[in-house]
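Protein chains: 2
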Amino acid sequence: MEALERRIAQGRGDAPADLVLRGGRVFDLVAGEWIAGDVAVCGDMIVSVGARCDGEVILDVSDLVLVPGFIDAHLHIESSLITPLEFDRCVAPRGVTTAIWDPHEIANVLGAEGLAWALETSGRTLMDIRVMLSSCVPSTEMETSGARLDAEALAALADHPRALGLAEFMNYPGVIHRDPGCMAKLRAFAGRHIDGHAPMLTGRDLDAYLAAGVRTEHEATSAAEGAEKMRKGMRVFIREGSVSKDLHALAPLLTERTSPFMALCTDDRNPLDIAESGHLDHSIRTLIALGCPPLAVYRAASLSAAEAFGLKDRGLIAPGRRADIAALDSLESCRAQAVLCGGARADAAAFAARGTVAPVGRGSVKARRVSAEDFRWEGPARAPVIGVIPGKIITEHLIEDVETLAGDRRPDPSRDLMRIGVIERHGKGGGMACGLVRGFGMTRGAIASTVSHDHHNIAVVGADYADMAQAANRLGEIEGGFAVVAGGGVLAELALPVAGLMSLQPFEAVRAALVDLRRAAASLGVTLEEPFLQLAFLALPVIPHLKITDRGLVDVDRFALI
Amino acid sequence: MEALERRIAQGRGDAPADLVLRGGRVFDLVAGEWIAGDVAVCGDMIVSVGARCDGEVILDVSDLVLVPGFIDAHLHIESSLITPLEFDRCVAPRGVTTAIWDPHEIANVLGAEGLAWALETSGRTLMDIRVMLSSCVPSTEMETSGARLDAEALAALADHPRALGLAEFMNYPGVIHRDPGCMAKLRAFAGRHIDGHAPMLTGRDLDAYLAAGVRTEHEATSAAEGAEKMRKGMRVFIREGSVSKDLHALAPLLTERTSPFMALCTDDRNPLDIAESGHLDHSIRTLIALGCPPLAVYRAASLSAAEAFGLKDRGLIAPGRRADIAALDSLESCRAQAVLCGGARADAAAFAARGTVAPVGRGSVKARRVSAEDFRWEGPARAPVIGVIPGKIITEHLIEDVETLAGDRRPDPSRDLMRIGVIERHGKGGGMACGLVRGFGMTRGAIASTVSHDHHNIAVVGADYADMAQAANRLGEIEGGFAVVAGGGVLAELALPVAGLMSLQPFEAVRAALVDLRRAAASLGVTLEEPFLQLAFLALPVIPHLKITDRGLVDVDRFALI
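Chains as they are written, first to last, in my numbering: chain R, 1 to 562; chain G, 1001 to 1562.
Keep in mind the hints are simulated off the structure, nothing from the lab.
Small disclaimer: the values here were computed from a predicted structure and weren't measured.
Treat the hints with care, since some could be wrong.
To give a feel for the contact side, a few chain G residues facing chain R, derived at Cβ under 10 Å [as the list claims (entries may be wrong)]:
1. MET1001
2. ASP1014
3. PRO1016
4. CYS1042
5. GLY1055
6. VAL1057
7. LEU1059
8. LEU1085
9. HIS1177
10. ASP1205
11. ARG1231
12. ALA1318
13. LYS1366
14. LEU1504
Ideal Cβ placement from N, Cα and C applies to all residues, glycine included.
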């Protein structure tokens, strides 16, 4: 019998269901009421709710509450430092059954090849991963990325069955000033879903950005900002990542009234935070603890996100919807005891049965080897200095009088001034730029990373030029990743051989390596809680105020290289 | 400058807007708050809300409240008895800016040609008409319709830019019993919008219907029925037509909480009701008068319907949305003082500028001429009788002992028993069936109509066979419509030359003719308020309990000809 006939027959009870969840209570996101009775599943679809059903397999969910699987409305899986299949294994058991992935990081390294890999991989996970096509690669013309994606390249993928639209359009100045390249991309996706990224955009600039066709956004960091965006028709995603954390600021906005227009996302969240606090499950229990109505929170976590992206097949536990179900011990704790992804139990056997996907972007770190001398930064004593703000991705643009030695503006641990260098690593000339940064607190050694948004060149911060060179060169040897070096030795490292962004190891191993790296960095005197996360955003020239790329220091307020 | 650049420039205020609405207050359907300030429009799009804007044209809406234009989530324009262009002129000034049209009536007469005409015509109106492709033509195998539409014919139109999906799937028994023809249609539209029609379907039968992929519905006639359908993930449309009126029954369901899942529709509404009470504006003010929160009502009237159909470009007064705006004197009265349809003012000049659409289905009434003798109905004295229930489309299945004369079961005005005849009129053999009906109250003459759902053959009710024959034959002469005949003379008539369903006259003339017809029918003793509307549903064999087609009396409960 064909799938359609099977569903109808099992829905009606003319045949036993493939799977029946028995003993739980469904939290109905329409009326906010409890529905007792069985949930019957045929293949990947729910076919009956609330009646007594016969089933080939009975899953006992006694005393559990059933809610629709959660939807992460916007994230970069690369920021989890693991492959999509590992991400799946890490996060699906927490109840996340759909993820809307902007593979923006791998696209900056590999271009269309990265998008193609994302689209292929997204079809191999237990959870349903959908891809938004990265709109701004590279993020600016002041950096050397591994690839460029123009309107034509993006339009060629628009009809891919796993592509949902154009990902966060970060170049909002380009939109509101009608940059031709931006216009071409917007025109190519007219009528499709175009996601936004416009931190603090307000008033008529925001109106113009919306008039360009942008529908959704995750950059609101205050209730006032979120309220204006929602009132103007944007669906606002509440982000709780590893660096950007907006839950507390936006929780007051999430009411039953606004719940159809809000969703949840993580944007960038690493395995440490996922393991220690959770993923969307963490956002959900925190919002409820902050006083948001459970109905509003669970709508935002599933149904409203589904509606935002036109995914009409999910977001409710109801006949005809995808069997994406989280069985929780309670609404408040949001601890999943069992999870169905499209009817399949998210357990070890199912993860093992997924097969594998060949990695992409091996050997992507093509940087020349550098020496201590390369980290000299010549110039007058009065120098611009990047001021790190703990837990923020914006920086201060400081001016300091620094000590010079033979023309080189020296780092000075006593004043918390470290050398920072960014080395082009895509095999495009090997350019390099240096500067000074305050805020790491280190007194010796160096840390280096190939995760530096969005171009993902090698970024190094250190007190000692030789250690910096060793750290950078070590990343070339291990195909990218993180390294902590001091006194000529590697104290800790994590290889990220997939495009210099993602590990091939299980997430448990990545988590352990991150703990080691954090500890090793602390041993150098680093005072930042997450030094590699902070480092990752020092090279991102679309976030104020002073940043550095392989081309040089960027005054973001003037949007120009210094 | 291209449209996109113009919108952005006008949104930002770099150029004056094409049109500015000044002095009104916007009712924000997200937060339920009032927004003061200008609304700027560029072409067909809103580009700024709430700021002071310069404009080429300023429309003074002082003291008015602005709400998004209304969306009729399900209707058959044919039931308005006027062409789509006249419907537009009749209804858009009341604030209806989008109509989701199932051209089911014309499809039953003309088949794919009717659908093609609907798709073409829908692009020529000021309001935005979208077409749902008629799923059940003919409605059963117990009638002779003018055409058949199979899965292949429907699938061929699925990608038409004005087609939104598969229209109300009335053959719900065929769905839940897996009829192959139904399965083929559902498969052809898998993943697209499939609208439902399943009056009183409940429990696991409803589950099965939903598992087949049906998403929306307008047949709930009680709060309990609507609540179950919504809880099971259906979006429920509150219908207020000319015959089926569900506002009062469903009003208790419409709360702020459920408002994202409810919409409004008219289904079948004639020019008399539109002129006397209104269209969706009538539903809106009635719901508010019944105590529904205005926020919930206005959401249902626009935003929620837009979301139900994935029309992401409308439903809010916000930048980037279609400039579909109703300027009302108050939320409670819902009287539109000005209406914008896609940025165009719905006024006489705009209606005049639309041009014309050539009618289709001329000369569609191909019935043979009948004589008085044809209305004899032979059989025993004990006879089934159709019992009309005023204001309902269901009928009673009565059994009466009737007077016979030379074998003919005679009508008997003293017992309110009238002859009813249905004559095939599509040029497919000219079959005819007769029966008896109670409830019209007439004492002489005859009334006849080519609007008889869904096959639209000629239906005649009368006390006198000669008058009945004259009435039926007169419809052949005027290309279909309505006629009232008595004593050998035509007392009133309305020609409906477009497929025997729609007039070519302005709606004011149609309304006047309907008043005349009602008066003429009353002069025959007819006690029903809307005899032609009641007559129209006596031939519809998918509504219980006893109906009649050109093939004979239908026992709907047994789903068989008697």
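Here is what the structure says about each hint:
The beta carbon of G:MET1001 comes within 9 Å of a beta carbon in chain R, closer than 10 Å, and the hint placing it at the interface holds. Given hint, G:ASP1014 at the interface with chain R, holds; its Cβ is 8 Å from that chain's nearest Cβ, closer than 10 Å. About 13 Å separates the beta-carbon of G:PRO1016 from the nearest beta-carbon of chain R, more than 10 Å, and the hint is not met. Restraint check, G:CYS1042 versus chain R: the minimum CB separation of about 7 Å is within 10 Å; hint holds.
Residue-level restraint check for G:GLY1055 is violated (minimum Cβ-Cβ distance to chain R is 14 Å; threshold 10 Å). A least Cβ separation of about 18 Å between G:VAL1057 and chain R goes past the 10 Å threshold, and the interface hint is therefore violated. Taking 10 Å as the C-beta contact cut-off toward chain R, the hint placing G:LEU1059 at the interface is violated, the least distance being around 18 Å. Below 10 Å, beta-carbon pairs count as interface contacts, and G:LEU1085 has none with chain R, the closest being about 26 Å; its hint is therefore violated.
Against a cut-off of 10 Å between C-beta atoms, the interface hint on G:HIS1177 holds, since the closest Cβ of chain R lies about 8 Å away. Given the 10 Å rule on beta carbons, the hint for G:ASP1205 holds: about 6 Å separates it from the nearest Cβ of chain R. With 10 Å as the threshold, the beta carbon of G:ARG1231 comes within range of chain R, its nearest partner Cβ sitting at about 5 Å, so the hint holds. Interface restraint check: G:ALA1318 against chain R, minimum CB-CB distance 3 Å, threshold 10 Å, status holds.
Contact between G:LYS1366 and chain R, as hinted, is not supported at the beta carbon level, the nearest pair being about 38 Å apart and thus beyond 10 Å. Given the 10 Å rule on beta carbons, the hint for G:LEU1504 is violated: about 35 Å separates it from the nearest Cβ of chain R.
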